[in-house]
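Trainee: Take these sequences, add in the hints, and give me the full structure.
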Amino acid sequence: MSLRRIRAVARKEIHHIFRDRSTLFLVLFTPTLLLLLMAYALTVDLQDIPIAVLDLDRSEASRRFAAQITAGNDLTLYAQVESPAEIEALLVRGEIKAALIIHPNFSADLLALRGIPLQIIIDGTEPESGGFAVQHVGRRAEAFVTESLAGQLQAAGVPPEALQAVDLRVRTWYNPSLKPRNDLIPGLLSMILGFPALSVALTLAHEREHGTMEQLMATPIGRWELLLGKMVPYILVGLINTIVIPLLAMAWFRIPFNGSFPLFFGLSAIFLFAILSMGIIIGVFMRTQAAALALSFLLIFFPGFFLTGIFFPIAAMPEIVRLESLFLPGTHYAIITRGIFLPGIGLDVLWPYAVMLFFLGLVFTGVAALFFRKKLA
Amino acid sequence: MNEASISAQNLTRRFGDFTAVDGIDFEVHPGEIFGLLGPNGSGKTTTIRMTLGLLSPTAGSVRVLGIDSARRPEQIRPHVGYMSQRFSLYNDLTVLQNLRFYARAYGLANQELAMRTSQALEMSGLRGRESALTRELSGGWRQRLALSAAILHRPEVVFLDEPTAGVDPISRREFWDLLYQLVAENMTVFVTTHYMDEAEHCHRLAFIQRGRIRATGSPESIKQETLRGRVFEIAPDDPVRAVQLLRQAAGEGRMPLAEVELYGERVHVVSTDPRLGEGALRAELEAAGIGSGPIAAIPPSLEDVFIASMKS
Amino acid sequence: MIARIASLVVKEFIHLRRDWWLPAFMLLGGALELLLIGWATSRPITNLPLMVYDQDQSAASRALIVSLENTGTFDLLRQAPNLDAIQAAMERGEINAALVIPPDFSAQILSQGGRPALPVMLNGAESVSARAALQAVEGVAGALNERIVVRRLGIDEEAFRGFTPGLRVWFNENLKESYYTTPAELGLMLEFTVLLFAALSFSRERELGTLEQLLVMPFSSLEIIIGKSIPVILIGFFDFLLMLGMVHFVFDVPVRGSLALLLVLALGYLMVELGKGLVISVVSRTQHQAFLLVMMIGMTDFMFTGYAAPVESMPRAIQLLANLVPAHHWLNILRGVMLKGAGLDVLWPSLLALAVLGVLIGGFSLAFVRRALN
Chain A
0 MSLRRIRAVA RKEIHHIFRD RSTLFLVLFT PTLLLLLMAY ALTVDLQDIP
50 IAVLDLDRSE ASRRFAAQIT AGNDLTLYAQ VESPAEIEAL LVRGEIKAAL
100 IIHPNFSADL LALRGIPLQI IIDGTEPESG GFAVQHVGRR AEAFVTESLA
150 GQLQAAGVPP EALQAVDLRV RTWYNPSLKP RNDLIPGLLS MILGFPALSV
200 ALTLAHEREH GTMEQLMATP IGRWELLLGK MVPYILVGLI NTIVIPLLAM
250 AWFRIPFNGS FPLFFGLSAI FLFAILSMGI IIGVFMRTQA AALALSFLLI
300 FFPGFFLTGI FFPIAAMPEI VRLESLFLPG THYAIITRGI FLPGIGLDVL
350 WPYAVMLFFL GLVFTGVAAL FFRKKLA
Chain B
0 MNEASISAQN LTRRFGDFTA VDGIDFEVHP GEIFGLLGPN GSGKTTTIRM
50 TLGLLSPTAG SVRVLGIDSA RRPEQIRPHV GYMSQRFSLY NDLTVLQNLR
100 FYARAYGLAN QELAMRTSQA LEMSGLRGRE SALTRELSGG WRQRLALSAA
150 ILHRPEVVFL DEPTAGVDPI SRREFWDLLY QLVAENMTVF VTTHYMDEAE
200 HCHRLAFIQR GRIRATGSPE SIKQETLRGR VFEIAPDDPV RAVQLLRQAA
250 GEGRMPLAEV ELYGERVHVV STDPRLGEGA LRAELEAAGI GSGPIAAIPP
300 SLEDVFIASM KS
Chain C
0 MIARIASLVV KEFIHLRRDW WLPAFMLLGG ALELLLIGWA TSRPITNLPL
50 MVYDQDQSAA SRALIVSLEN TGTFDLLRQA PNLDAIQAAM ERGEINAALV
100 IPPDFSAQIL SQGGRPALPV MLNGAESVSA RAALQAVEGV AGALNERIVV
150 RRLGIDEEAF RGFTPGLRVW FNENLKESYY TTPAELGLML EFTVLLFAAL
200 SFSRERELGT LEQLLVMPFS SLEIIIGKSI PVILIGFFDF LLMLGMVHFV
250 FDVPVRGSLA LLLVLALGYL MVELGKGLVI SVVSRTQHQA FLLVMMIGMT
300 DFMFTGYAAP VESMPRAIQL LANLVPAHHW LNILRGVMLK GAGLDVLWPS
350 LLALAVLGVL IGGFSLAFVR RALN
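The listed protein sequences correspond, in order, to chains A, B and C. Sequence positions in the first sequence follow numbering that gives the first Met the number 0 and run 0 to 376. Sequence positions in the second sequence follow numbering that gives the first Met the number 0 and run 0 to 311. Sequence positions in the third sequence follow numbering that gives the first Met the number 0 and run 0 to 373.
A couple of the hints might just be wrong.
As the list claims (entries may be wrong) - Covered stretches of chain C (in silico footprint by chain A; criterion: 3 or more residues with CB under 8 Å from a CB of chain A, positions within the stretch not fixed):
no., segment
1, 44–54
2, 80–94
3, 190–202
4, 219–231
5, 244–257
6, 294–302
7, 329–337
Stated by the list, open to error - Covered, in the sense of this in silico footprint (three residues per stretch, anywhere, with C-beta under 8 Å from a C-beta of chain C), are these stretches of chain A:
no., segment
8, 22–35
9, 193–203
10, 213–221
11, 263–275
12, 355–367
Simulated from the structure, these hints should not be mistaken for laboratory data. For every residue, glycine included, the Cβ atom is placed at its ideal position computed from N, Cα and C.
Mentor: Following this line, the structure appears as structure tokens:
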């Protein structure tokens, strides 16, 4: 293998990228734009969930309760409605995600310690907002009951805290406020930094589609030299983004970074090698860019998004998918990034994932190189 | 000069049921322009790919500079240049970027790289247009640039697959002048073409058809050996009707004619049987009431040979 | 004109047949991928590794552990011998949650006025799992609390339950995950398929130099656009049918509204996406550029489909932007017709928005593409 020839290929690829301003811009800045998009739209804290309130009691207590429920940023009072039919209409139209019905005997039952007749209706098509509303209403109701009934309970000889016997002390480590952004952004780095893999798949198919591959094969450039040379510019792009993206995430979105930056940089380089190798495999097998692109979406993009445990925990997936996810570089990288960003763990813990990534990269590139010669024939 | 630059023995390639190259043998000697002449789909590109080791033969073997192409293609690469059938430089790179890339791919560096790319610019006549995008060059310039790129590293053998397809006649002439220059510098040129006039420029030819070599030798000897019949030029009163008549005669099998073609006011007739003489032609025409005018036997062109062979 | 358009359509399909990978992968591969992704993600969050440090070792503590396991949310990894073990496991990401049962746990339960403490640690490095774990732990703790309070105060269980709000779930009574994950996943894959096909239509011919040839042939630019569009729409619509069938028959997601309405609206939506794809196609000089633009636009759109976060929770400016995204309205329609049984009387605002966007995008793309072609 000759370093000089790898450099020749890499230099040529860089010329291709720099040839066209808009390609250069898109290749360099797509990761930043993806980060902004994802941070602003995909990883927001649940808040401002629109709900409707149907107050059938119309007492002072019920009004106070309704006001307490919708105070703050969590739930927003979308409409004060008069009938269940209106709730139905709003839910069907998707204008509210949940509705609170305060029954006619709310204040009477409450004061007589007969319970708190409340009902919550949620939209099961977007249960995240609904579930959030249920949790929120439950907590507020509890507080409201304890607060309004303090007098009565005291009189009945029951201390208010007696209703709450179990002392559940939840502590969330590494991300105390459970802000989804703090772990989703590090998790999504595999998508953000890894997307040039699709470009690599395209450039290989490009050589075939334009007939330049045959010419390349007649030169002394070896298979490995060609494949590695193709990867180099995109690894460079990836490494630039490996510095820019975390800085942006930390400075702009206040994502905590508790680990070692050199470690993050080094392991990211290994990840880039692995994910770009996936692109290389696809590029080696497909003859046209369109086909390479279609396959990249199916093998790199969609699985990378859904099956690497970023949004949905791998532990809860079926056995076969769990096995498959081991072959996706994003799975291991998500563990690495979350581990370095939040608990700030080191190589002593992360080395198996790094080894796995390196192994995947070698296997993918190896398979690509193995089949490369045959495919030209 | 004793050992052949390229030698193929029983070289065969099948794609499924289709036999693209069917047991061909040929030798190319150092310092000559060897042409592989044949119609489209006759197996020229497949042969060149096997010779370069880009495609493995189904049977037989081919050696370049004494090295087996199928077994050790990587040993051949540094010593050969290749210009593939499709335009093979990068359209979105400049002239200089393309040249430099190929120079580096062949391991050139520093002063040698600068010197060779400079020579290539000189040779292709593109000095002063180094930073032009390759896609903006016209066909003739591109071919010359591609040739310059293919010989940047001074290969011992250069392979050219239909190098002048789609290029205007003047550019073609200039391109061939370049090839003679290379041969003068002791390079061996292996070229495929389906242009007859171009084939006449080669030192030696192999005429390939449906995967088989029909004839090998100098253009002159091919013409003499391959075409068993003769070529006549007739100047009849009514050339259009004469052509119709003779074609009909050939079609009905009454006359052994491979080709009847109108050239201006004259009719070219290629016979496949040497026994067919002027008399028979004259009789055929005059029986239909056409004045035959003078009929002369003329030396066959490669094109006549080519067409006669395809029809037989 | 019809004959000329037909000849273009035939040409496009010949391209596709030669390159059969593309439609085959996008259609069958896409449907299979939806099957895999839907299968993997349409399930309750279960098997989260849990560690318990049981200092009490009593019947009560063992019962608590069993009830945690019975939620299905957790998979008891092992008992921890000490707090350090929990710390280490959490750091390695081996567990999502840990529970410490203090030595006086059962004693506190039994004594009148005792407050059994339950320290729980969650791994915030995986917030989705942490939230599921929190919910499960709160449920178990609530049940325990209820038993204790009912016993101590001597009140009956019904009365106590009265203090927790009653819950009713509409449109998805059993809270099946597939009802909300698969339509969004379908939406994402459909959009990318159509955008990609449309975006490659002209950029590919331009890059390969065949566009000039097409332009000098006796086709009007409108004919070329229609000829390019028909295969994209056909493939997109077929893709939609395939994925809809999969979502319905494999994942049991109902179509409660009118199927005919859904199909007609799907066709409309595809036309809007097609318009976007065609604009990308003519502004891109290479397929690589077209891909990068599809990536950006497709991802932007996906943010507004409500897959990971409800649009209502996003910053105001972004909510306004959501209205400009056809996929946002399309997902409203898709969910509305499938799950809510909504008809035009309810969906008209989404439909109107889609129509307005369609006219704007379609008109712009037609004018723009025509100009680019001329």
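Trainee: Does each hint hold? Answer for all of them.
Mentor: Here is what the structure says about each hint:
| no. | hint | verdict |
| --- | --- | --- |
| 1 | 44–54 | holds (count 5) |
| 2 | 80–94 | holds (count 4) |
| 3 | 190–202 | holds (count 3) |
| 4 | 219–231 | violated (count 0) |
| 5 | 244–257 | violated (count 0) |
| 6 | 294–302 | holds (count 5) |
| 7 | 329–337 | holds (count 3) |
| 8 | 22–35 | holds (count 6) |
| 9 | 193–203 | holds (count 5) |
| 10 | 213–221 | violated (count 0) |
| 11 | 263–275 | violated (count 0) |
| 12 | 355–367 | violated (count 0) |
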